[in-house]
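Produce the complete structure using the sequences and hints provided.
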Amino acid sequence: MKYAYYPGCSLEATAKEYNQSAKLVARHLGVELWEIPDWSCCGATAAHNNNHLLSLALPARNLAIAEAEGLDVAVPCAACFNRLRAAETAVRESESMRATISEIIGRDYRATNKTRALLDVMVNEVGLEKIKEQVVKPLAGLKLAAYYGCLLVRPPKLTAFDDPEDPMAMDRLIDALGGEAVSWSYKTECCGGSLATARGDIGVRMIYQVLRHARDAGAEGVVTACPLCFLNLDMREAQAAAAHGDQFQLPIFYFTELMGLALGYAPKDLGLTTHFVNPLPLLEAKEILRHPATRRETA
Amino acid sequence: MERVELAGSLRRNQALKSQVEAESGVVLSDCYQCGKCSAGCPVAAWMDYTPRQVIRLLQLGLVEEALKSHTPWLCACCQACYTRCPREVNLPRLMEVVRQEARRRGLINEKKVDIFERAFLGTVERYGRAHEMGLIVQYNLQSGQPFKDAMLAPPLLLKGKISPFPMKIKDVAGIKDIFTRVRARGGDRS
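Going down the list, the protein sequences come from chains R and P.
When we follow my numbering, the leftmost residue of the first sequence carries the number 189, and every step to the right adds one.
When we follow my numbering, the leftmost residue of the second sequence carries the number 63, and every step to the right adds one.
The hints are simulated quantities; they were obtained by calculation from the structure and are not laboratory data.
Misleading hints may appear alongside valid ones.
[Said to hold, decoys possible] The list that follows gives simulated cross-link-like pairs (lysine to aspartate or glutamate, EDC-like), each with its CA atoms no further than 16 Å apart:
1) P:LYS230 x R:ASP226
2) P:LYS221 x R:ASP457
3) P:LYS221 x R:GLU200
4) R:LYS211 x R:GLU223
5) P:LYS173 x R:ASP389
6) P:LYS232 x R:ASP226
7) P:LYS238 x R:ASP226
8) P:LYS230 x R:GLU200
Below is the structure:
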């Protein structure tokens, strides 16, 4: 199983744990990730809010490189995934758009390859059965809120791999890893994205709502598949709680980090030591880091 | 909002209304004002007009009122409205277009949002990739709040999560060409 890999800018910076754990887990499960050489930024929200053509051309450049190699593209970042899918769909659906985009990016792009979210690849291509077989340190007793956010599942016409209102891919993955996915109503609520920076008064409130609902549903941690969701929730958790006279100690995880733990990798190798909200006390309390055979009965 | 004479306003603004429809691909009359978009909008509480009201303004030809609204600038682009719309009105796309038209007229209603996005695209054009540290520094300086989130910078640096140096790709010229060709097609400032 081989995919072109498009990490996206965050995975080289604030989301480096995501990159690190994704690569490790993919290798372990026999998924070859061919990093698109000299990949460039997808333009993110800034591009599509400013110029429609720019927002399609920037991702298309990367898709064209993968297409020339004959590979489908696996994308860990939910926002990049959404933008790459938008470019792919626009080019596939319109011959004139194909011509325009090819001219702008200075190379041929026909959208014959497909963009997939890394979560989709793991759950639906590698498959939960295979992942389950490889689990050596099940996440037993760990209650987690699967947080999808917006762009991984919306709009469904573009993303098309899970239900836009009640997606289950990450919940089923958590269960396969031996953990317990809690039922909660904020799994696709927006974290505010870049509003946390530009309009902190709004963004911090949105972040608080997500965290509060996860905690109130009984979750001990939140699982994400988006670097911006992760950064907002992890880096601004203390600020969001304080602004609302509340207190949390809710670690945030990338789904790949949890996969890595269950597959037996050390927290350090997965980047779990670089979070703002330290997840290690929770993992130690649940004895996740120990082999099941040596765990106490009460754990 | 002062009193308006609707028939005259619709007549006067017909061209602009059609332009918004053409650019966004949204047929404004598709919206039957059920309000589902606004009910599920996570940012609606902070908006001057709800998303439903913005469409209503456009339907009535009150385009200028829509252009003056903060709503398109605050839209988080989360796609909840579009996903739930029973008429499949692509509201996020409509918000983009309204906002781009507002910018063309110098109506930048959320300066910080605009500065942030401009700084972001600036790093992409210069380096081929977003540079988070450069982006935040530039954003803070231009938005007149040099110490915003300053307490977050040292831990980010220590954890190796941001770097003072951008990661420049090899084919920066190719990226600059993309920006240039988009501009040459009469697109907005980008």
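Now for the hints, and whether the structure bears them out:
| no. | hint | result |
| --- | --- | --- |
| 1 | P:LYS230 x R:ASP226 | holds (9 Å) |
| 2 | P:LYS221 x R:ASP457 | holds (14 Å) |
| 3 | P:LYS221 x R:GLU200 | holds (13 Å) |
| 4 | R:LYS211 x R:GLU223 | holds (10 Å) |
| 5 | P:LYS173 x R:ASP389 | holds (15 Å) |
| 6 | P:LYS232 x R:ASP226 | holds (6 Å) |
| 7 | P:LYS238 x R:ASP226 | holds (14 Å) |
| 8 | P:LYS230 x R:GLU200 | holds (12 Å) |
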